[in-house]
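There are 2 protein chains.
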Amino acid sequence: MIIDKNKIKTITINKPLKLESGQTLDNFVIAYETFGTLNKNKDNAILAFHALSGDQFATGTNPITGKDGWWVTAIGANKAVDTNKYFVICANVLGGCMGTTGPTEINPNTKEIYGTDFPLVTIKDMVNAQVLLLDHLGIEKTYSVIGGSMGGMQVLQFCSLFKNRTYSAIPIACTASHSAQNIAFNELARQAIMADPEWDSGNYLKSKRNPRNGLSIARMAGHISYLSEEGLQAKFGRRLQEKGALKFSFDADFQVESYLKYQGNAFVDRFDANSYLYLTRAMDYFDLYRENNGVLSNAFKNSKTKFCLISFSTDWLYTTAESKKILIALNSIGADVSFVEIITNNGHDSFLLDEPEFLKSVKGFLDSNYENFKKN
Amino acid sequence: MIIDKNKIKTITINKPLKLESGQTLDNFVIAYETFGTLNKNKDNAILAFHALSGDQFATGTNPITGKDGWWVTAIGANKAVDTNKYFVICANVLGGCMGTTGPTEINPNTKEIYGTDFPLVTIKDMVNAQVLLLDHLGIEKTYSVIGGSMGGMQVLQFCSLFKNRTYSAIPIACTASHSAQNIAFNELARQAIMADPEWDSGNYLKSKRNPRNGLSIARMAGHISYLSEEGLQAKFGRRLQEKGALKFSFDADFQVESYLKYQGNAFVDRFDANSYLYLTRAMDYFDLYRENNGVLSNAFKNSKTKFCLISFSTDWLYTTAESKKILIALNSIGADVSFVEIITNNGHDSFLLDEPEFLKSVKGFLDSNYENFKKN
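Protein chains in written order, with our numbering: chain D, 1 to 376; chain U, 1 to 376.
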């Protein structure tokens, strides 16, 4: 993947960032994008956090891939996150591969590509980096922070760390702590990448190689977990790729096989394998329980943030049960929280899709609370 | 994997077997094992079908691996399938890698190892081969046929094809048709194997290579699907491999990671990668609906077989809902069928474990009906 850096907006942070691992990034770059206009009072900002495979190009056209932004369903003029009203900021996460400092970038100390010399980063590190971006933009308090999946984890982490920097928060299809099954899927993905000889112990960019097969298999595993059994059955069932009979070979017979292979191959063109290792690891390490001595509600103690928690009925990666644990924790400290479970067949992927009830919930929550925020 | 053929009991079938693909196996070998004693009337035989990773060594000690047989929990003296009473037969399936003709064996026509020149086989082909073994043993009618997972598919296929060759049948944790999600998991596994350069287009045995990494990743994917989310959480949760802190590396931090890697690596020592391709393909092709023009009940029309269907509450690979579809089909043609859903945390793996209620159900069904069978 070659990125035209001219198409990417960045800031360089020239103060050291202390990472959770104990290591320090002396200076680093945040690549980001904004949508809509920041008003005079700087009180219409919404920080959107992206998920594992996302980037800063949340809506409009992604200038690198030429395709729609990953959250074009939700963000835009008159959409759920209305860019006529709000100023939406989205930054590539630390460890990502769309311009923010990560394994694909040059280590300023060695002038070499980081590769796996890049230090492990956590969800907390990602959030800390993005708060520096808010500082840079002069935004003291966002109206809201929003994100699904890994983006939702960043929402929770942000609210836990910065209790006065957002008025509201929308954590979607996420968890306060990666489960054993979540870790298992990610480990499968990492093993697939690292088993590919082209991975070259993480040095493939220096040696001009690319673990395409490994990353593609990792992505296939991801896609299986993003879709529900019901959704897969409805979308593909046992329909054959070619009309007529089975091929009696190992080529793709079934449409679901072609779909997965296509998704795997397409991903390799726009994502970096080491970045996939780093981001999945960050998700596995995420554990707001551990951070709070086992008591999740402590993460949100004294929070004045207004929460809208959203889950999807057939999401088996981050189940409704996980959202309910967050709901219970928030309720137990008297937080202002509403909760919606959207009934859908589309599994975890729902947050990226045109799910009317979901988008209506987001829009309703944002638009109905905005005047209250401005009055404060 | 090197198999000492002296430790394996085989028969050679010298008549051609017409496969579903249209190809023919001119002559082939069935490796099998028996447990208990066939009585004079030859009416105490139970045919046990193995699952994807199994073989003919269902109980006792597997002489090749030195470990317990895969169904030692269920088969043995005084156990659920009581070898004091019954004569249990278990054969390695066609396409397997424990002595039955499959990709690891020599093609009698070319004198070379088959590899991926072996024709694709189906569940129906496997069952047809095993019926020839029954013929060889002089067993006209078994008292029962039993199996879980791919073994359960063979039970269903056997009952559909041979309506007078078994008195009873116990299909466990299976489906009448592989779902899109089932196919997706298997395709992920196959892609992992075929992406390994050591696979060598299927010729690794000839070239003295071995796609260890690919097969190991395939097995990891399998294990994720065999365990339930609840079971994984109870067994591993987020417990760390080493006491104390996270390592901030890509080594195994969590016990669930080590478990999966261990399972993957251990499997490679006892299983063949091409065989894994063939057997997963056979499962994907299994579709009793298609075979019966979309009407599952037609598969069992005029069946006098007494069925005991068993599913496990947390099995998300072959769900209780799938078993209920079979139950409905059997009921709709007035078949003699009972159904048990075992409540357990152990997911699909339950059928291999010491699950008391499950084993009691099997034992009760077998022992209470045996006298009726003998009276007939």
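Hints were generated in silico from the structure; no laboratory data involved. Among the clues, some could well be false.
One copy or two, either will do: identical chains are not told apart, so a pair holds if it fits within one copy or between any two.
Within a straight-line C-alpha distance of at most 30 Å, the following computed DSS-like cross-link-like pairs (lysine-lysine) qualify [what the hints assert, rightly or not]:
| no. | residue 1 | residue 2 |
| --- | --- | --- |
| 1 | K247 | K325 |
| 2 | K301 | K247 |
| 3 | K111 | K247 |
| 4 | K304 | K206 |
| 5 | K306 | K40 |
| 6 | K247 | K15 |
| 7 | K235 | K111 |
| 8 | K208 | K261 |
| 9 | K304 | K9 |
| 10 | K42 | K261 |
| 11 | K40 | K67 |
| 12 | K206 | K261 |
| 13 | K261 | K18 |
| 14 | K5 | K208 |
| 15 | K111 | K324 |
| 16 | K235 | K5 |
Results of checking the hints against the structure:
| no. | hint | result |
| --- | --- | --- |
| 1 | K247 <-> K325 | between (47 Å within a copy, 27 Å between copies) |
| 2 | K301 <-> K247 | between (60 Å within a copy, 29 Å between copies) |
| 3 | K111 <-> K247 | between (52 Å within a copy, 26 Å between copies) |
| 4 | K304 <-> K206 | neither (48 Å within a copy, 68 Å between copies) |
| 5 | K306 <-> K40 | within (23 Å within a copy, 78 Å between copies) |
| 6 | K247 <-> K15 | between (60 Å within a copy, 26 Å between copies) |
| 7 | K235 <-> K111 | neither (48 Å within a copy, 45 Å between copies) |
| 8 | K208 <-> K261 | both (24 Å within a copy, 29 Å between copies) |
| 9 | K304 <-> K9 | neither (32 Å within a copy, 73 Å between copies) |
| 10 | K42 <-> K261 | neither (45 Å within a copy, 50 Å between copies) |
| 11 | K40 <-> K67 | neither (32 Å within a copy, 73 Å between copies) |
| 12 | K206 <-> K261 | both (27 Å within a copy, 28 Å between copies) |
| 13 | K261 <-> K18 | neither (40 Å within a copy, 32 Å between copies) |
| 14 | K5 <-> K208 | within (19 Å within a copy, 47 Å between copies) |
| 15 | K111 <-> K324 | neither (47 Å within a copy, 62 Å between copies) |
| 16 | K235 <-> K5 | neither (38 Å within a copy, 47 Å between copies) |
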